[in-house]
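Just so you know, the protein sequences line up as chains A and B, in that order. Take 1 as the starting number for the first sequence in my numbering and just add one per residue. Take 1 as the starting number for the second sequence in my numbering and just add one per residue.
If you are wondering where the hints come from, they were derived from the structure by calculation, not from laboratory data. Hints should not be assumed to be uniformly reliable.
Said to hold, decoys possible - Residues on chain A that point at chain B, a partial pick, calculated with CB under 7 Å:
| no. | residue |
| --- | --- |
| 1 | 49 |
| 2 | 51 |
| 3 | 53 |
| 4 | 56 |
| 5 | 57 |
| 6 | 81 |
| 7 | 83 |
| 8 | 86 |
| 9 | 93 |
| 10 | 98 |
| 11 | 99 |
| 12 | 101 |
| 13 | 104 |
Stated by the list, open to error - List time: in silico DSS-like cross-link candidates among lysine-lysine, alpha-carbon distance up to 27 Å:
| no. | chain 1 | residue 1 | chain 2 | residue 2 |
| --- | --- | --- | --- | --- |
| 14 | B | 268 | A | 99 |
| 15 | B | 615 | B | 594 |
| 16 | B | 205 | A | 61 |
Quick reminder that beta carbons are idealized off the backbone N, C-alpha and C, glycines included.
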Amino acid sequence: MASLYESLRPKSEYIDRRSRLPPEDYQRKLDTSTTVYVGNLSVYTKEECIYEMFSKCGDIKKLIMGMNKRTYTPCGFCFVEYFSREDAAYAVDSLSQAKLDDRVIRVDWDIGFVEGRQYGSCLLY
Amino acid sequence: VKYCNTKDQGFKEMMLSTFVEAIESLTLKPSVYATAVALVHLSQPNFVDAICERILDHFQRHLDAGNLRQAKTILIFLGELMNIGLINSFAYVTLLSNLLNEAENTLETSRDYYLTLVVHTLPYVHEGLNEKSAPDYKTLLDSLTGLIGRRNTNAYRLLQAFSDREFQDRLVNFWNEFSSPAEEKPKSLSRRPYAEFKEALANVKQMKKQVKVNFNNKNVAKCTYQAPLDFSVVGKDVIGGEVNSGLDKCIIHENVVDLISSFNLNSKMLQEMLLAFVKDRQTPTLVLEALIGEVLRLPNTEYKPIFYAIVVSGLNEDFTIQKPLEYLLGTLIEHYGAFEIEAAERFIDFLSIVINQSLQTWNWGILSPNTNPKRQALRKVLERVLRLTSYAKVESCLPAEYKSLIPLEPTPIFRFDEPGSMQQTDAEIIKDRFNAKVSAEDMLAFLSSESSTVESSGDELLNLFMQCLLQRASKSLTHLDNMLERYANVINNLCKNEVQQQQIIQVIRSIWANSPFHILTIIDRMINYKVLNSRMVVAFVFKEIEKREDEANQYGLNFEILLSLLSKVINLALSSANELQRAKAVNDYDAVRKNEQALEFWGEEQKNVFLTVFKRFHRLLTSQHPSRGIIVARMRQIAIRFNKQIAPLHSKIEEDFNGTEYASHFIQLRSLY
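Here chain A stands alone, though its shape is the one from the complex (with noise of 0.2 Å):
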């Protein structure tokens, strides 16, 4: 029925140009991952509320907290990955616009988890 009103393929509004992957790559890793980003987290939102929460979707492989590179501290996004691409799908659809410590949170697929890649700037709010 959804397909009446959108594609169901997942696609990503961010897209991680640092990848360097050509378009066609990006879309594949897309369609087989099982990692998800979740951004507009509050800095004070501890690891183990996000765990609780996104285990609910199915058990999490791995959580991996964004943080600031300079100061190391927690910086409002992190990667989510779990065992299966149901559990992701479930993650993307149920969990974006849910809020965690009152802040509306937006979860979109990811291409996976690279070392390196939790390390952002983040302006502090």
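Position chain B relative to chain A; hints supplied.
Quick look at chain B alone, frame taken from chain A:
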């Protein structure tokens, strides 16, 4: 009409296929599309013949594949065409009779499929068939009565009944409401769009296309469907007099369930549709009841509780939903004690997320914790809410009467903090090495060397090492992962046997005695890093249950550990399968071989763990354990939650329980498989 005669065959094909897809997919619109098709037929009969031929073809395919929602929608659409006069009423009754004939000699779960199709169509075609083909229609109803009567509604009762109605079966409820002689015409069905076009449609001619389907494809295994149980707490006279009849309620429930199934994994769209549905039909309580009913449905809800919780939270921002939501949640929590454990836990999960999403504005008065089982349920809800946000925030929102229900703020308790003790000295030495981030090899070499300054050894050393490691890891889950990644090998070297592995779990429990979340997460991560193995965790859990006969509260945590472990083992098998697929896709032969071995290992492990768990349950129950009630309930919970994985093992498990008083549970649960 304007584009029906286009010469562009591609465009025409697009029109046809879009029309057909809309008809079979939009579950609330059959009468709208029937009206449109009938109006087009007045001037373009050939085009309508093409649509109907395509629709019948799709109907045949959905019947063969056992797709209930699409087949039901098409059948209702055809019924509306019959009401308008495009389809011969005798042909339509014959179609329904053929479906019932197919139900006659099939297995229970296939019979339900065909019965559900026909029963849910009747309210839409009742008037039309009564008017146009009364004798044939009466024969149909008689055979339907016989078939419904022969259904075994005792097949399973997984949601314990807590209302005063004898049957909780949704199909039987629907049929009873429909066939009740005092039934008024359902309001929701009286607004048919074709009534507005009565004059234009007075001259409509019957289509030449015959309405027939075949049952040559005898793959009835695909048409499996067992009507879910119905928990409804809402009586006929609900808030604001939402509905006039029991049949109205049944139809609205079905509409909502169909909507949920239509908007597969698109919660925003589902929310919009439900809001529109509520505003159009003025039935917020019934819509919410249908949604929450899906959360509680056993064995498998279509989506996880979080999906429904977020949809309901989104609806809750509309004030027309708030009061009905409060009424329903308040009523359900009163009956919490009557739920199967699996349904109860889903409800707790659902409620905790709904509260978390509107923590600042939540009306705590509706859940007033005055009696058990309400207090028990609320304690669990609050514990889950506390896991989702900061302690201070929740405390500040709670009224005074709830304060006694919230658990202590989780803080780790370390034994070696006693000043001057040997443990404290040794702990300082180990912690210094953690601070220096020494490698695992260096740490191992230090601990095992004769010149080591650490005086503890054996079990005491393991205990101390774990305490120090978990203290360092207590800052966050990332710290835990880093420490385990670095020192898993050290732990494995210090831990020589299964008894010591169980000791590790004891240490975790003693440190985080007031935080089940931390206990579960640490055990989970340790299995990831192969510090703990699954069979040992099972042995630990059952040993704890066997010895703590009087600590009923502890069972909750032990079983949570067990459930988490079973889920973990399944996921590790799944992960290996996914990795194998990825390796094959890129022709990485080494990775393929490695993942094939991993998959074989975890597949075997999964099977063995489940068999072991049920053998231990058997041992517990046949040893006259004083808390048999809780243990049986938890065993059923595992059988329900993991029914797909247990299906291939069910006959073996049932065999073990044959001859015991618990065999009936497995006979009852057999219908899951």
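Query raised in the report: Which of the numbered hints are not met once you compare them with the structure shown?
Result: Checked against the structure, the hints that fail are numbers 6, 8, 13, 15 and 16, while the rest are satisfied.
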